[in-house]
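With the hints as a guide, dock the two chains, each given alone in a separate frame, to form the complex.
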Amino acid sequence: MRNRSKEISVALVMLLLAVLLVLAFLWALSIGTVKLSFVQIYEGIVNQFTSGMAIETAGQGPVHDIIWLLRLPRLVLAALVGMGLSVCGVIMQAVVKNPLADPYILGISSGASLGATAAILLGIGVALGENFVGIAAFIGAFAMSLGVLFISNLGGRSNSIKLLLGGMALSAVCGAFSSFIVYFANNKEGMQSIAYWMMGSFAGAKWENLMIIGPIVILAVLFLWTQSRMLNLMLLGDESALTLGTDLHIYRQIYLLVSSLIVGFVVYSAGMIGFVGLVVPHVIRMLVGTDHKKLIPVAALTGAIFLVVADGLCRTIIPRTELPIGILISIIGAPCFVYLMIKKTYGFGGN
Amino acid sequence: MEILAEAVKMAFGSKEILKGIDFSLHNKEFVGIIGPNGSGKSTFLKCVYRVQKPTGGKITLNGTPLDELSYRESALQLAVVAQHNVYSFDFSVLEVVLMGRSPHKKMLERDNLNDYRIAREALATVGLADFEERSFATLSGGEQQRVILARALTQQTECLVLDEPTNHLDVKYQLQIMDIVKSLDLTVVAAVHDLNIAAMYCDRLVAIKDGQIVGMGTPRELLTEKFIYDMYEVHCRVDEDTSGRINIVYLPQHWQ
Numbered sequence: 000m001r002n003r004s005k006e007i008s009v010a011l012v013m014l015l016l017a018v019l020l021v022l023a024f025l026w027a028l029s030i031g032t033v034k035l036s037f038v039q040i041y042e043g044i045v046n047q048f049t050s051g052m053a054i055e056t057a058g059q060g061p062v063h064d065i066i067w068l069l070r071l072p073r074l075v076l077a078a079l080v081g082m083g084l085s086v087c088g089v090i091m092q093a094v095v096k097n098p099l100a101d102p103y104i105l106g107i108s109s110g111a112s113l114g115a116t117a118a119i120l121l122g123i124g125v126a127l128g129e130n131f132v133g134i135a136a137f138i139g140a141f142a143m144s145l146g147v148l149f150i151s152n153l154g155g156r157s158n159s160i161k162l163l164l165g166g167m168a169l170s171a172v173c174g175a176f177s178s179f180i181v182y183f184a185n186n187k188e189g190m191q192s193i194a195y196w197m198m199g200s201f202a203g204a205k206w207e208n209l210m211i212i213g214p215i216v217i218l219a220v221l222f223l224w225t226q227s228r229m230l231n232l233m234l235l236g237d238e239s240a241l242t243l244g245t246d247l248h249i250y251r252q253i254y255l256l257v258s259s260l261i262v263g264f265v266v267y268s269a270g271m272i273g274f275v276g277l278v279v280p281h282v283i284r285m286l287v288g289t290d291h292k293k294l295i296p297v298a299a300l301t302g303a304i305f306l307v308v309a310d311g312l313c314r315t316i317i318p319r320t321e322l323p324i325g326i327l328i329s330i331i332g333a334p335c336f337v338y339l340m341i342k343k344t345y346g347f348g349g350n
Numbered sequence: 000m001e002i003l004a005e006a007v008k009m010a011f012g013s014k015e016i017l018k019g020i021d022f023s024l025h026n027k028e029f030v031g032i033i034g035p036n037g038s039g040k041s042t043f044l045k046c047v048y049r050v051q052k053p054t055g056g057k058i059t060l061n062g063t064p065l066d067e068l069s070y071r072e073s074a075l076q077l078a079v080v081a082q083h084n085v086y087s088f089d090f091s092v093l094e095v096v097l098m099g100r101s102p103h104k105k106m107l108e109r110d111n112l113n114d115y116r117i118a119r120e121a122l123a124t125v126g127l128a129d130f131e132e133r134s135f136a137t138l139s140g141g142e143q144q145r146v147i148l149a150r151a152l153t154q155q156t157e158c159l160v161l162d163e164p165t166n167h168l169d170v171k172y173q174l175q176i177m178d179i180v181k182s183l184d185l186t187v188v189a190a191v192h193d194l195n196i197a198a199m200y201c202d203r204l205v206a207i208k209d210g211q212i213v214g215m216g217t218p219r220e221l222l223t224e225k226f227i228y229d230m231y232e233v234h235c236r237v238d239e240d241t242s243g244r245i246n247i248v249y250l251p252q253h254w255q
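Residue numbers (numbering that gives the first Met the number 0), protein chains in the order written: chain A, 0 to 350; chain B, 0 to 255.
Keep in mind the hints are simulated off the structure, nothing from the lab.
In this text the structure is predicted, and so the values were computed from the model without any measurement.
Some clues are possibly wrong.
[As the list claims (entries may be wrong)] Pairs of lysine-lysine residues, derived as PhoX-like cross-links and limited to a Cα-Cα distance of at most 25 Å, are as follows:
#1 B:14 x B:57
#2 B:104 x A:292
#3 B:225 x B:181
#4 A:292 x B:105
#5 B:171 x B:181
#6 B:52 x A:161
[As the list claims (entries may be wrong)] Just some of the chain B residues that point at chain A, by a computed CB distance under 7 Å:
#7 56
#8 90
#9 102
#10 105
[To be verified] If you want the footprint, here are the derived chain A segments under chain B, 3+ residues with CB under 8 Å:
#11 219-233
#12 299-311
Heads up, the beta-carbon is just placed ideally off N, CA and C, and yes, glycines get one too.
Next comes chain B alone, as it looks inside the complex (with noise of 0.2 Å):
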């Protein structure tokens, strides 16, 4: 599994958001892409995942152009878990989770008992076997946020593209999901908005800023206290205990 992009540029009207992003996905790598609010680390991966159109470069799935592939052949190569958002209807979770068969499906073939098996080993992967029968509407934000995961892994892809899905939630809940993905030994690209998590799960992190790459690297190379604050703006202090794992404190003005 590999995607590759080449100078994709995105630009709405005169505004532009990508200015021509280099990036590349390996097999089986947790990468993370973070940058500010409006850095556009979101619309680079809508790019990937096709919810919207470069308007300049190329992106590669596998070394196929992801123009020349049909929706439904990316969807059987890449699952998405977006932005937790509201949703307007009243499901059970298993008839959610069983959506992400739909590109397995051809247009009139029913869900089979093998479709019902992957979606119930998906909600047992996430830690929600007990819920199948529940309405989609009535969970917690953390709970419809797994049912959506659960829904990516029943898409049955090699690659997940994660963007921003913890936003919103509980720190346990961020620290769930990313615990069930990283468990899951998938390629993986993740817009990530807290930079303790990016540090904690991503094998390497990609830093985007006003449409530009502006760093790369492991996450102990890249997230160093000037880094952050050239990114940010904000001061902050980062420590590293004797394994090499980093951690970062912000510091406040009333601190300094």
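Isolated chain A, as found in the complex (with noise of 0.2 Å):
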């Protein structure tokens, strides 16, 4: 049979992928200001699983900390961002039926940044911790997804355009209220740490985050995963579905607040980070289609390669320097972008 043969085909795709996200993890382990080998990355990873001693413990030698402390945690995080983002930029575009949405796209990126701007600026929720200005980028960005979603059901049921006018709406509000701490604050200092934040980095990666991010991002993306029929129908429109059995409304409202979740967990741990939630799932639908059954692991595991190898040529494009991954994937993503919008036989916003 040929759906048979079309099933195969996408675990293939999946192996491969999964294959290369291995290798993109060496790699990467091996580059940076000290090169390793990947006989000496082999023997660090079985040595730490054979001695049975904690990650943290001193004395294992340098190429065990500079695996285990430094380098592979923020691959990890790395992975678990470009997968959590991926997947939530194919549900954004699902969500509100719009080519152009991407995780951050009802408001939650400025939602984000007036978190941590007040957090850098203000000093509000020292108290949480050393990353405080991560749990109040957090706090930012869920109450904002909240609130757009509480505003696009006001006065008769929410639907997509409700939905992204209403994050347009908050975002300006959040916008000028970042500008006005800014303004007022007249702090220098605050303001560079204010743009370092939003270019994003896997810099603090740690794994006792990592264990707490690692299996709500996996569960989410597996939870959106078996969603695949309600998220097709989407595509269809309200109408449609309602015709076909199903009544969005509910759904729509369920898959925005677990890819709120998770795109709160990213801000949290590494900051803004742009395109990869946009480029991707186009990039992904051109490969396998629309259907989100082979969409989202695909573009999930495309997503997790795609940062981790960007996050290794962060770390050596410049000698000595690391450059901001924010900036590197938007002057990758960028031209991607282009070349889709010019891209004519691709056609999620119809020809």
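Set out below in structure tokens:
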């Protein structure tokens, strides 16, 4: 049967991507100020599992520390962020039925920046510990999504247009408050750290955080994968979905909340990383089609590979300096996006 | 299969679109709803297929009021081919048709071989068996509507609602789609723009104007020159051939 062979080919693609992801990890582990050979990496990883010692235990040698304390946590974070943002991009584009949607579309980015700005310049939430900026950004982002959901449900059921417009309106408000704070704080150093934070970074990755973020992102992605049928129906529109027996209203809210949760955690641990969630879904749609059953897993793996490689490049492209990942991704992402725009055979937005 | 509507009313704010429609559709009947633009025929059908909620009256499906059915339950009894519009996605034809299986599926259930078989049969019925791998967005309007018809057939319902499905289509595709539907021996209710098409395919016609039913009957009984003038303010000549088939010829002003 043809559908059988098709399923096998999707499984093959995923297997191939999984292998590529492992290779990307090995490559990114090996490069940096200190070059490691694959043998060293292999030994360092195997030893950790056989020694039974905690990762943080001192005196396990420099190779162990480079792998387990410096490079691996940030690569794991990069993979999780890439996976989360790509899948959220797919979801947002389906939920608002708009090819320009990305994970931050519903004002999440400006909510997160307002949170971060308030934390950095006004010191709000210092008591929350070391990563209080991340926590404030998480709260800003999540509150923003709830606000947009709430607004879009005022005066009748929400729909994709109301969600987009609500997001734009709240974005403007948040942007104004951020500028207000920046203007009156008059704090040059603080403004610099905001700018740095906005570019995103994986440098702050720690195992204890990954233990929380990892399961949440992976479970959320798996959950969204199980919702492929609903997501397909969303692209047909509410009326068609109704005649096919599904009222999308409640599902739309659930998916928005789940993806806001993912984006919130991404923002918390890595700041703002643009373009991944916009470009990866489009590229994957061009390759495997619009069916979310294939789109979600392939986009998740591709996003992970993309950011792992990007993180490797960031650490090595300029000697002895780390390029903020947001800059690199925009440099790669923007031309990709223009290419997509002019490529006419691809018709998410109708030809 | 039976659909009954009693005193169905629909109002947007103070504007009454439907002023109490009584309607019945019986097993294996092919009923056409005619009426000028803005008469409420499409709104009435939307109430039947639940995209809009009537503000008054009652609609029952095989004796059960629509409000008491889940959307899934009604989608198992009634499939819809709506007006052609622009779609913003890039699904393959087979993927679109398979979505017709949605009401038969549980939350996490996957499409199985049986679903694929039903979808392929439906595509063959509408004459698009070779199109399954094609991208839906690249098809012509007539082909897209036939794919949507195949999707409706994949729902395997006894009743089909056609909401002006052949709008904007060439006469070839209009006849083709109506021919396919007619050959299926289902219970059909269709909003039809073209009176000749209505006369050709429908067992019974219901005429709606200004939200009210203004006439009912077989095409031959209903579509008289006077009635058409009262409905559409258009002069015409209704010809009848020896087998009792009617044909409406519109008479523009410079012919009169």
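Hinted pair, alpha-carbon criterion (25 Å max): residue 171 (chain B), residue 181 (chain B). Please report holds or violated. Within the cut-off at roughly 15 Å; holds.
A closest beta-carbon separation below 7 Å is what the hint needs, so does residue 90 (chain B) meet it against chain A? Holds - the Cβ of residue 90 (chain B) comes within 7 Å of chain A, reaching about 5 Å at its closest.
Hinted contact residue 102 (chain B) with chain A - closest CB pair below 7 Å: holds (3 Å)
Does residue 56 (chain B) pass the interface check with chain A, least Cβ-Cβ distance below 7 Å? Where the cut-off is 7 Å and the nearest Cβ of chain A is about 20 Å from residue 56 (chain B), the hint is violated.
Residue hint residue 105 (chain B), partner chain A, criterion CB-CB below 7 Å: violated (10 Å)
Keeping to a limit of 25 Å between CA atoms, is the pair of residue 104 (chain B) and residue 292 (chain A) held or broken? Given that 25 Å is the threshold and the Cα spacing comes to 15 Å, the pair holds.
Within a Cα-Cα threshold of 25 Å, do residue 225 (chain B) and residue 181 (chain B) meet the stated pairing? violated (29 Å)
Quick check: the stretch 299-311 of chain A, covered by chain B? Criterion 3+ residues, Cβ under 8 Å. violated (count 0)
Are three or more residues of the stretch 219-233 of chain A within 8 Å, CB to CB, of chain B? Since 4 is at least three, the answer is holds.
Measure nothing beyond the straight line between the CA atoms of residue 52 (chain B) and residue 161 (chain A); if it is 25 Å or shorter, mark the hint as holding. holds (21 Å)
Would you check the hint for residue 14 (chain B) and residue 57 (chain B), treating anything up to 25 Å between C-alpha atoms as holding? holds (20 Å)
Restraint check for residue 292 (chain A) with residue 105 (chain B), where alpha carbons must lie at most 25 Å apart: holds (15 Å)
Checked against the numbered hints above, the structure breaks hints 3, 7, 10 and 12 and satisfies the rest.
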